[in-house]
Each structure stands twice: as C-alpha cells, then as structure tokens.
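**Q** Protein chains in written order, with the working numbering: chain Y, 1 to 336; chain G, 1001 to 1461.
Some hints could be false.
What the hints assert, rightly or not - No farther apart than 27 Å at their CA atoms in a straight line, the calculated lysine-lysine pairs in the DSSO-like style are these:
| hint | chain 1 | residue 1 | chain 2 | residue 2 |
| --- | --- | --- | --- | --- |
| 1 | Y | K313 | Y | K299 |
| 2 | G | K1025 | Y | K259 |
| 3 | Y | K259 | G | K1442 |
| 4 | G | K1025 | Y | K268 |
Hints in this document: simulated from the structure, not taken from any laboratory.
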Amino acid sequence: MAARKTTRKPNVSAEDLTRFYRDMLLIRRFEEKAGQLYGMGLIGGFCHLYIGQEAVVVGLEAAADEGDKRVTSYRDHGHMLACGMDPKGVMAELTGREGGYSKGKGGSMHMFSKEKHFYGGHGIVGAQVPIGAGLAFSDKYKGNDRVTFAYFGDGAANQGQVAETYNMAELWDLPVVFVIENNQYAMGTSVKRATKSPDFWERGAAYGIEGEAVDGMDVLAVKAAGEKAVAHCRAGKGPYILEVMTYRYRGHSMSDPAKYRTREEVQKMRDERDPIDHVRTMLLDGDHASEEDLKAIDKEIKDIVNAAAEFSKESPEPALDELWTDIYADDVPQEA
Amino acid sequence: MATEILMPALSPTMEEGTLAKWLVKEGDTVNAGDILAEIETDKATMEFEAVDEGVIGRILVEEGTEGVKVNTPIAVIGEAGEDMSAAASSGADAPSSADAGADAPKEAPAAPKVAAQPAAPPRPDRSPDWPEGTETVTMTVREALNQAMAEEMERDDSVFLMGEEVAEYQGAYKISQGLLDRFGPRRVIDTPITEHGFTGLAVGAAFGGLRPIVEFMTFNFAMQAMDQIINSAAKTLYMSGGQMGAPMVFRGANGAAARVGAQHSQDYAAWYAQVPGLKVAMPYTAADAKGLLKSAIRDPNPVIFLENEILYGRSFEVPKLEDFTIPFGKARIARAGSDVTIVSFGIGMSYAMEAAGKLAEDGIEAEVIDLRSLRPLDTATVIDSVQKTNRMVTVEEGWPMGSIGYSLAAIVSREAFDWLDAPVISCTGKDVPMPYAANLEKLALTSTDEVIEAVRKVTYR
Ligand SMILES: Cc1ncc(C[n+]2csc(CCOP(=O)(O)OP(=O)(O)O)c2C)c(N)n1
Ligand SMILES: [Mg+2]
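Based on the provided sequences and hints, a complete structural model is requested.
**A** Here you go:
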C-alpha cells in the first residue's frame, strides 16, 4: 500500500472536513448496526460491510456534481449513503421490508435509486463495469457533460468484461471514472495470489486510458484524485482509472472465518490508517473542531442510525401480491 | 445502560452454534472491534467482535456450551461502574434488549392469498392484424426488419443500433443496410467483437434512458453475454422495486442455418422463453417480422427477437400502412382446420405449413397456429383450437428437453385434458449437437415428413 503523503498541506475548509467526518462516520455506524441486525437474524443472506473503506466513496462523492451517476457491486451500502440515499430506506431493504428502496425485493446486494442516480447494487462480480460505461454512453449520446463512477473490486478487476469495457470506453471516449477499490482481498484471495500484474490502474495503459493509484485511507487524497478524474471526463477526454488503495476491516461477508489474514494485519490498519481517525485528528489538531463538537456529531449519527434501525424493524414485510409486481413495465400475465 | 450481547447468526443458515471460547472475562473493558468470543457455526469457527465499547458485566453462557440458539443472551455489557446484575438476572428466556424479541420479523402466513394472474385470458383475440382491404407489398423478411428499425429510429431519437459489422459493413446479413448513411455513426455503431462487454454497455445505456437495439451476429454468440441479458436486463426492474429497467431489444439470427455445425446452429427459443422479465418474439413472416420488431423497439421491457438466416431472403405480403405493429402475445391462425392443431413458430412454420398442405390432399384438415411470440404466450388461441380439433402436434427446431412444445403439452393437458383424444406429440430437433455432414444435419432437424407422421399418429389415420 502506498505510503500516506505527509508533506501535502490539506487545502480544505473546516466545513468540508467536518462534513467528510460526518459522512464517513455515518457509513461506519450504519454498517456496525447492520452487522448487529444480521447477528440478530433481522438481516438475512449475504451482507457485505464497507467498514474501513469509507474514505473512498466520501472522497469521490465530494468530487461529483448533481446528475453524475454511480454504479457498484454488492458491497454497496456506503455508496448509497454517500450519494444521499435515506439510511432508513437502505436499512429497511436490508431487513427485506416494504419501506426498503426496492420494496424488500432486492436486498443488500440489489438496491437502486433513480432519484439519486444510483444504478445498483450488482451481485455478479464485474457486471457493473460495462453497465457503468453504458450509463456514460447514455450521457454522451444525449450530449450533456455528466460523468459516471463505476466502482469495482480488485477481484473484479480480473474479469474479462472489465478489459472489454476499457477497450470500448476509450474507443468511444466515454465519460466514466473506473474506480478500483483495491481492498487487497477478493473473499479469501489476496491480490498477489490472483495476478502477477498487481498494479491494476496500469492495465489501462494497454487501452490508452490514463489513471493513477490513490491512498484510499485519506479522504482528501481521494477527493483530489477524483476531481482530476472528473475534470478529465468532463473535458471529453474519455475514461480515467483510479485505483484506490483501501482495506476492509470486517470479513468478506458476514459468514467469513477470515483465516486468510492475521488479526495483527487488520489491527495495524485500524490503528495506523483508519480514515475516520485521520480526519478526526486533522479536525482537532487544526482547531477546526473541539471534542465537544465531535461528540455532538457522534450523537447525531447515532440517532440517525438508530432511527434507521427502528424503521427497518417496524416497516412491514412486503404485501404478498408484491411477488407478482415489477416483473414487466407493462401488464403481462405470468404463468400460474 | 446495560445491554445484553446476543448469540449472533454468523451465516445465512446458522440457527445455533457452539460458544467455543470466551476471550474476555467479567470486568474487562472492551472497545468496538475487540474479539469477545469464538463461535463455532455449521461452517467454521468465527470470531465474534464487540460492536460498542463498554465493560463486560456478566457472562451468561459458559464457554464450551453447545447448541446455543441464535439470539440467546450470552453476556451483559455496560458502562464502567454500572450495576449490571438487573440486566443479568433477566436471564436467557426474557429477551430484554431493546433490539430483540418482539421486533423480529413476523412469520409469513403459510399460504399466500395472492395467486399468479391467470395464465390465459378467457377468449382468444381474433381481430385481424390489419384492416380488410389494406394494400400489401411483397417484401423479404430482411427488408421488413430493415424498415422496422428505420421507421422506429426515425420516430424516436433515443433508439440506436449497435453490434458487430452493423454500420460500415451494412450488417453481416445486411439487415442494417443503409442505416449508417441515413442515421449516422452516432446511432449506428460498429462494436469490437466483445459480446459480454457491449451487451452490458447497452444495458447501462438502457438504464440511462436510451433504447438500444443490440444486434448479435447470431444468437450463438449471445451466450457470452447471457449474464448481462438475464441478470442485468431481465431482473433489474424487479430487483429495483419497479424503479428502473432495461427497455431494449436483443436481435439477430437464431437456430440452424446450413452446414455450419454444432457451435453455430442452436435454437435458443426455449432458453429465453423461460425467463420472467424478458419478452420473446420469433416471427416467421415478413409482416410479423416488421410488426413485431416495431413493437419490440417501443416495448418498455427487454425483448429477445429471434430471427432466422434461412428466412431472411423469403418473401411475404406486408401491409402498406403508415404505422403497422403486431402486439406480443397474439398468435396467428395461419391456416384454419378442424382435424388437428399444429402449433409452431419461426422457421418451424415452414414445416408445419408444408405438412398441412400435403395432409389436406389426403383429406386431413390441420389448423396451423403461428405463436409469433413465446413470452407472453398466447395459450388462449392454442387451447381454443385444441378444444375444436382434440389433437395437437408442436413443431420447433430446438432440442426436446424443456422445449416450447413440451411446455405447451403440459399447459394443454392441464387446461384442456378432457378435450384431448390423443397424446400431444412434439416434433423437435434431435437431442444431439448439430452435425456437419449434410445427411446427418438433415436428420438432426425436424422435417415436414416428421410432422405428417405425427399428425397421422394423433389422428389415427
Ligand atoms: C461472477 C461471480 N463470480 C463469483 C462470485 C462470488 N463472489 C462474490 S464477491 C467475490 C469476491 C470479489 O472481490 P472483490 O472484487 O475484490 O470485491 P470486494 O468483495 O473486495 O469488495 C466473489 C468471488 C460472484 N458474485 N460473481
Ligand atoms: Mg477486494
């Protein structure tokens, strides 16, 4: 993992820093709560937590403008919260309730928000990458200057359709930022056990795509790289690759015995590279906020997350006739 | 405030587990992320972490205890100096934690009250496809498909065509002839040979509000894109609770051409027809090709449009109308008859019609139904006909297992059992990969003779 650049003076307002702290903390507390609800059996199936990776989406959302689009994998809760989706609707989807973003029919891995330009939530590793390029294609076709963020993992980076998409995206100058969230593991397979070409962003060169690696535990570094990538796309120069070096603290999904890495490795990351602690320190050291200010934010976030959890438990399960709706956009009979 | 720590569910299927080992003891201060215990599930031994900081007040379940049910309180955690005996004494059977117990999801009632909508509307739709007296012109299926795309692209700027060789080469089978000249490279797009990628890209474009037509040079190559067609295009409307779907058309040559061997000769009709969320059309005539393709392009859902290389050059009468469409789910009675119902679609219709002609010479009057679309499927027209003829033969080029014919046989035996005077016979492609040798290829496909033989069997003549 690239060393944190200690020389760069953060060129950021206290207001922005506070917002990043708040947004990252919301994701962390939300995910902790989701883990709890899973343990209680209120959330079922697969549930992939984003804890440790918060700076990636918060940094990149800070580089996005209204109308920009995003699409990602099944590890999607952080992306949804960061783009402004309602924590209640997200949590209620996790519990499979009527009040969820997909009325309980999508689940943790399959959630969408047309309003927030969030195009999923995809359970098939790598499938969201050409979809992201297609979203960018639609904006270019319409002649606007919107940009799409297509997020995927280090594991997904080895999928054939990613290479296919790089080729088309550059060929057609599509305004898409490919964000490789390199958290160093694909389930139990470390990057070095999956490829001898571990610098994923460099693969873009084979297709003529510019890119760079970024410290994904530093929200300001992510934001700065995101702004550069977005400017590249908006200027009509085609796609850009950001390989964001990050780390997930929790298991791959809830049922991960985590035998592929040591406790010490995880603890070291938590102690030394935590993205939230990083901003917290900057806020306190720069006299941008007091301990009391931060306590107030913690409390505010806790309340939001508790309210989301309450909502996700109180919202009823979907009505039984929901089984038969939303299969077609028009009225088509199903086989009985 | 003291709260109970509950036995966690650590996998989608876990109901109980063994509390193998405590890594903390009463009085210990813990932080979020500290490991509290090791728990053995049905799959593995997992570490169980603290979610909040606090002090371990009481341990309620000893290490080594087996069969601890999920959600049983196993310990009490609170703030330093707090008296936690009260929480502890609430014991294992009264879940007092704010999160547990009463809030758990209600069991679903045993029998859902809501059934699927009826499979078939009560009466078949017998309205003519175009008004009586309409002038017609003779044209090939190829010209009809080309016209359909051109007209729809004229009508709606969000419609575009992409695929291999569709633009400058004018289409591998010349279906897109002239479209590049007419609509330009923004809307008629040559792709690299990258089916999985360009299909996914087109799905994204549809999510983004466009109406892509994806041409597969042949459907054999769409297998590389199957995941995007099924998992992304067909299922997203449902998974998004109706928020967004993929209004788009996947079209191209399907089924056997001539002498191209196993990898280039497969009929995918039954594969796609199985998938909820997709519509599937497989026209035979030029009029149906045109009318159905125009409907497909306008449809708000993903549509699989299965063409046939051998049919591209065949000519049929097509009505001369400003705006001519054929709806999905409406079969066409290609020939009326009273002795047997022959149901087919696509190129299968050529065997069905030829057989019907020959059978008529022997005094057997077959009613031939062209399904035209396979999803939705016009079962009403089929059932209505079987109730008149009491016999059914189905004809298609695809493999027998899971075929359209087998499905129709099941539907007819369910809906019209009392009307049947003979078992349904399905004429299908043989249950083998397509051979190359001319004589074997002929044998592998179904044929007019097989249809005639099947009709003789079910009519006992
Ligand atoms: C096509 C496909 N293959 C396998 C899986 C099972 N699977 C789900 S996640 C995953 C690991 C992916 O790792 P990565 O892309 O690094 O993303 P991360 O989970 O680290 O966010 C695998 C193998 C899948 N969902 N889809
Ligand atoms: Mg990974």
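**Q** Would you pick out the hints that fail for this structure and give their numbers low to high?
**A** Those not satisfied come down to hint 3.
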